[in-house]
Amino acid sequence: MDATVAVNGLRKRFGATRALDDMTFTVRPGTVTGFVGPNGAGKSTTMRIVVGLDRPDAGSALVGGVAYRTLKRPLTHVGALLDASALQPSRTGRHHLLWLAHSQGLGTRRVDEVLGLVGLEPAARRKAGGYSLGMRQRLGIAAALLGDPPVLLFDEPFNGLDPDGIVWIRGLLRSLAADGRAVLVSSHLMSELQDVAGHLVVAGRGRVVADRDVEDLIAAASDGRVGVRTTAREDAMEALARAGATVTVTGPDTLTVAGLPGAGTVAALTAAGVPFAEVSAHRATLEEAYMELTRESVEFR
Amino acid sequence: MIPLLRSEWTKFRTVRGWIAGSIVAILLTAGVGLLGAAGSVRSCEGPNGNVCPEIPIGPGGQAVVDRFSFYHRALPGDGSITARVTGVSGVITYPPPGHDRIVPGVVPWAKVGVMVKRDLTQGSAYAAVMVTGDHGTRMQDDFVNDLAAGRDPWVRLSRTGDVLTGATSADGRSWRVVATTRLAGPAVIGLFAASPCDVTLGQGSLGGVVGACRLTNVTGRFEDVSVEGAAGTWTHDDVGGEPGAPSLSVGSARDWGSAVQLTGSGDVAPAGVDGGAVIERTLSGVTIGLIAVIVVAVLFVTVEYRRGLIGATLAATPGRTGILPAKAAVVAAVTFAGGLVAAAIAVPAGLRLMRANDNAIAPVTTLTGVRVIVGTAALLAVTAVLALAMGAIFRRSAAAVIATILLVLLPQLLATASVIPVAAAEWLLRLTPAAGFAIQQSIPAYPQVEDYSVPALGYYPLPPWGGFAVTCLYAAAALGAAIVLLRRRDA
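The listed protein sequences derive, respectively, from chains A and B. With this note's numbering applied, the first sequence covers 319 to 619. With this note's numbering applied, the second sequence covers 4 to 494.
Warning: the hint list may mix true and false statements.
[What the hints assert, rightly or not] Going by beta-carbon spacing under 8 Å, a handful of chain A positions derived as facing chain B:
#1 Asn326
#2 Arg329
#3 Leu371
#4 Gly383
#5 Tyr386
#6 Pro392
#7 Ala404
#8 Arg409
#9 Trp417
#10 Leu418
Since the hints were derived computationally from the structure, they do not count as laboratory data. Just so you know, even glycine gets a beta-carbon here, dropped at the ideal spot from N, CA and C.
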């Protein structure tokens with residue numbers, strides 16, 4: 319199966335609220351696609367439409383070229399973590415996976431495999447009602463992995479995870495993409511996707527605001543800027559401003575310089591006799607890139 | 004479909020509350036029924052001391068009434084009896100509205116005519132052709148079989164070999180055969196008269212049925228009586244007569260040679276409510292057990308909505324159509340098995356308790372007993388499917404439980420508690436899913452018996468499987484609607 323998700327022109331209203339307004343993007347295999355935007359941007363609704371839970375008013379969402387609703391044994395095509403708290407509290411985690419497995423013609427062996435994969439074996443035979451939010455996330459991820467699908471959708475998988483859990487899930491997401499799977503991960507916090515997402519779809523008000531490779535994005539956001547590390551921040555700022563640069567303070571002893579190349583920066587600081595520890599090409603964080611992007615998009619409107 | 008069934012079964016069995024609920028349903032159904040049976044005590048006072056009279060059993064195994072006035076001879080082999088009924092009159096005691104006088108009159112099912120009967124013991128096989136008070140000329144045999152045969156005054160029964168043929172005639176010359184039946188061996192042949200009591204059914208001021216049965220008798224006048232093949236002399240007997248019975252119920256025969264006048268009371272018919280306690284009395288726990296069944300079936304689907312689990316279910320089976328049938332199959336199978344266990348305990352154990360308390364039990368065939376037990380389990384299962392469908396339609400536990408109880412249990416309680424008029428009760432039991440309780444009725448209401456055949460006394464207006472089919476239709480319609488809604492609605 320062609321492991322792509324093609325979302326095309328989705329529109330959806332819930333009563334008077336417009337949840338989706340021409341949402342269009344593609345999730346490609348082999349990379350993690352971050353799906354970011356503020357709460358209410360339409361991320362969850364889009365994912366629910368992809369797996370056939372909600373019906374769009376217009377547009378289509380195809381998985382490998384076909385509608386999800388037509389798939390036989392769909393969990394072997396698409397795995398989704400949409401709502402980790404959607405559990406019967408009196409059923410054990412293992413039994414939760416077991417009924418899902420049975421619905422796809424899978425057996426207990428696969429259930430125990432995915433339990434091991436997410437590290438939930440010790441709690442597997444306890445009632446899910448007693449699980450922490452992090453354990454529920456792991457159970458939801460196990461459910462998504464049950465059918466070993468080439469397409470994975472995770473809605474806010476970082477919620478409720480402790481720092482160890484966040485490290486673990488980042489590794490998991492990277493390895494799933496490295497297997498050649500298409501992985502869509504939504505988040506309302508850019509920093510969570512740092513070093514994970516290879517592609518970024520930014521949603522706002524039910525539509526796509528930006529759809530770019532992360533490398534391009536960061537390069538664009540970093541474009542021509544120079545980072546300076548100095549103990550004499552005030553002096554440095556004065557010298558650089560005099561040389562015609564725009565200077566931004568990014569830390570107690572760090573500055574970002576725009577409008578002056580690296581060599582010019584070194585020359586200006588040396589000429590003014592300001593000591594500095596480091597001058598380097600600046601690499602923007604994903605969050606900075608995101609801010610840059612949304613600022614642009616506001617200007618575009 | 005198999006993976007889906009397996010999946011839904013896994014869902015059901017892995018929630019302890021649902022298994023517990025199913026066991027509670029079994030315990031309630033069997034336990035309440037047994038309590039009711041244990042509390043059912045019969046005591047009799049009569050001329051023979053406090054011994055309850057035996058209820059006669061007919062050739063078909065049913066409890067019967069076999070009490071009538073018989074003017075007869077012996078019939079060793081082939082033979083016949085012919086007579087013309089020239090008059091039917093009678094007495095009715097204390098009829099409505101005043102209930103204060105004894106008046107002349109004939110009740111609709113008063114019977115005078117010719118009869119061939121195995122012997123004079125109650126419940127023995129017979130065939131008879133008769134003129135009735137208000138139902139024309141008829142042929143009846145072995146208590147349960149009844150055929151209308153016009154309004155002719157001439158009646159005849161003839162036996163050749165072991166075949167008995169009944170016939171009627173307007174003029175005594177051209178005869179029309181009504182039916183044939185079989186009765187081999189030595190028998191008795193003669194004229195008979197019987198008049199069942201005058202039944203009225205009222206409603207108590209606090210609900211409940213008040214039945215009244217007033218003594219009557221009938222006098223038939225026969226002319227042109229001719230008998231062939233008979234032996235011995237004419238003898239009169241009150242079959243089933245008891246010493247000390249009221250004088251009006253004591254029969255008599257006067258024979259002038261050219262005419263015979265025969266007076267009698269009683270009836271030759273299936274027993275109705277007097278035939279002993281019905282076996283479904285032991286299943287009074289079903290209405291309580293049904294509530295537990297409804298709650299479990301509703302929760303099996305509404306809990307998924309409350310917990311958001313329905314999203315996982317629908318994502319796993321995006322075609323959606325098969326989900327509710329699979330759930331229904333699981334709930335129906337579990338409920339049927341549980342209901343079968345409960346009924347198979349409650350009926351035999353309850354009957355044993357009731358017999359220990361001197362209760363007479365209206366006998367039924369094995370097939371009927373099995374139908375009552377299996378039918379009860381099936382009724383519980385179909386109601387569970389209805390409840391499940393309600394759960395899927397309402398997506399709210401309380402609303403679905405209440406709706407199902409209103410649909411199934413409320414009509415049943417209203418109709419059988421006789422707090423509403425009988426006609427309304429019968430319509431409720433035709434038109435609502437409560438119609439299915441008819442599957443529990445072990446003794447049918449016979450048209451040839453004027454009886455208290457009202458819902459309050461366990462008589463349903465629809466036949467057992469007919470009533471059950473009504474409940475099935477409701478369940479199927481609700482399930483169909485639920486499937487359509489599940490397909491159409493967002494999760």
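Outcome of the hint check:
no. : hint   : verdict
1   : Asn326 : 19 Å, violated
2   : Arg329 : 14 Å, violated
3   : Leu371 : 4 Å, holds
4   : Gly383 : 16 Å, violated
5   : Tyr386 : 6 Å, holds
6   : Pro392 : 6 Å, holds
7   : Ala404 : 4 Å, holds
8   : Arg409 : 5 Å, holds
9   : Trp417 : 4 Å, holds
10  : Leu418 : 6 Å, holds
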